[in-house]
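Trainee: Sequence:
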Amino acid sequence: MYTEKMEFLIVNSYMDWNFKDTDVHITFEDQQRINNFAKHNAKFEDLKEELKNKQNELRNLEDVVEELELVDETEQIPFLVGEVFIYQDLENTQKSIAAMKEKILLEIKDIEKRSVGISEAMSDLKTLLYAKFGNHINLEPEED
Numbered sequence: 001m002y003t004e005k006m007e008f009l010i011v012n013s014y015m016d017w018n019f020k021d022t023d024v025h026i027t028f029e030d031q032q033r034i035n036n037f038a039k040h041n042a043k044f045e046d047l048k049e050e051l052k053n054k055q056n057e058l059r060n061l062e063d064v065v066e067e068l069e070l071v072d073e074t075e076q077i078p079f080l081v082g083e084v085f086i087y088q089d090l091e092n093t094q095k096s097i098a099a100m101k102e103k104i105l106l107e108i109k110d111i112e113k114r115s116v117g118i119s120e121a122m123s124d125l126k127t128l129l130y131a132k133f134g135n136h137i138n139l140e141p142e143e144d
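So the sequence shown is numbered by our numbering: it starts at 1 and just counts up by one.
Certain hints may be false.
As the list claims (entries may be wrong) - Straight-line distance between alpha carbons at most 20 angstroms, and here's what the computed EDC-like set of lysine to aspartate or glutamate pairs gives: (1) K95 - E69; (2) K39 - D124; (3) K39 - E140; (4) K43 - E112; (5) K52 - E102; (6) K103 - E91; (7) K39 - E102; (8) K101 - E91; (9) K101 - E140; (10) K101 - E69; (11) K101 - E142; (12) K43 - E102; (13) K101 - D124; (14) K95 - D72.
Derived from the structure by calculation, the hints contain no laboratory data.
These numbers come from a predicted model, not from an experiment.
Based on the sequences and whatever the hints tell you, model everything.
Mentor: So, in structure tokens, the structure goes:
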């Protein structure tokens, strides 16, 4: 004889077989790791943007160097210092631009060094988090 109790047992056993426990239990330490990954990811994105800006500055300075080759040596060249322009001869302007390029190259190296450190930390955290949560967590960057 078929009873409601039998129906309940059949439905429950079907649900247990069909639907595994998908709740992921997160400890405080796991949450700290997730938060650290998010902080590192945000900083990494900021550094990528900063690197792109510095590379554009460097490209612009290289364009200026090419343009200065066309300038007469006796001509005074306006050069931006802070918020004002000063007039310099060609040689001093080229020295100033070379110094700016060196400074930007050092800044680019520093940004790249910090990016590598952050990327390594993110990779370590990603390994730990994927090992625990598997496909229940997505740590990959969004596609643009």
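Trainee: Decide, hint by hint, whether the structure agrees.
Mentor: Here is what the structure says about each hint:
1. K95 - E69: holds (13 angstroms)
2. K39 - D124: holds (14 angstroms)
3. K39 - E140: holds (14 angstroms)
4. K43 - E112: Since the Cα atoms of K43 and E112 sit roughly 12 angstroms apart, the hinted pair holds (cutoff 20 angstroms).
5. K52 - E102: Satisfied, since the Cα-Cα distance of roughly 17 angstroms is no more than 20 angstroms.
6. K103 - E91: holds (19 angstroms)
7. K39 - E102: violated (30 angstroms)
8. K101 - E91: holds (15 angstroms)
9. K101 - E140: violated (35 angstroms)
10. K101 - E69: holds (17 angstroms)
11. K101 - E142: Violated. K101 to E142 sits at ~33 angstroms, over the 20 angstroms cutoff.
12. K43 - E102: Violated, at about 25 angstroms.
13. K101 - D124: Violated. K101 to D124 sits at ~35 angstroms, over the 20 angstroms cutoff.
14. K95 - D72: holds (16 angstroms)
Hint compliance for this structure: hints 7, 9, 11, 12 and 13 are broken, all remaining hints hold.
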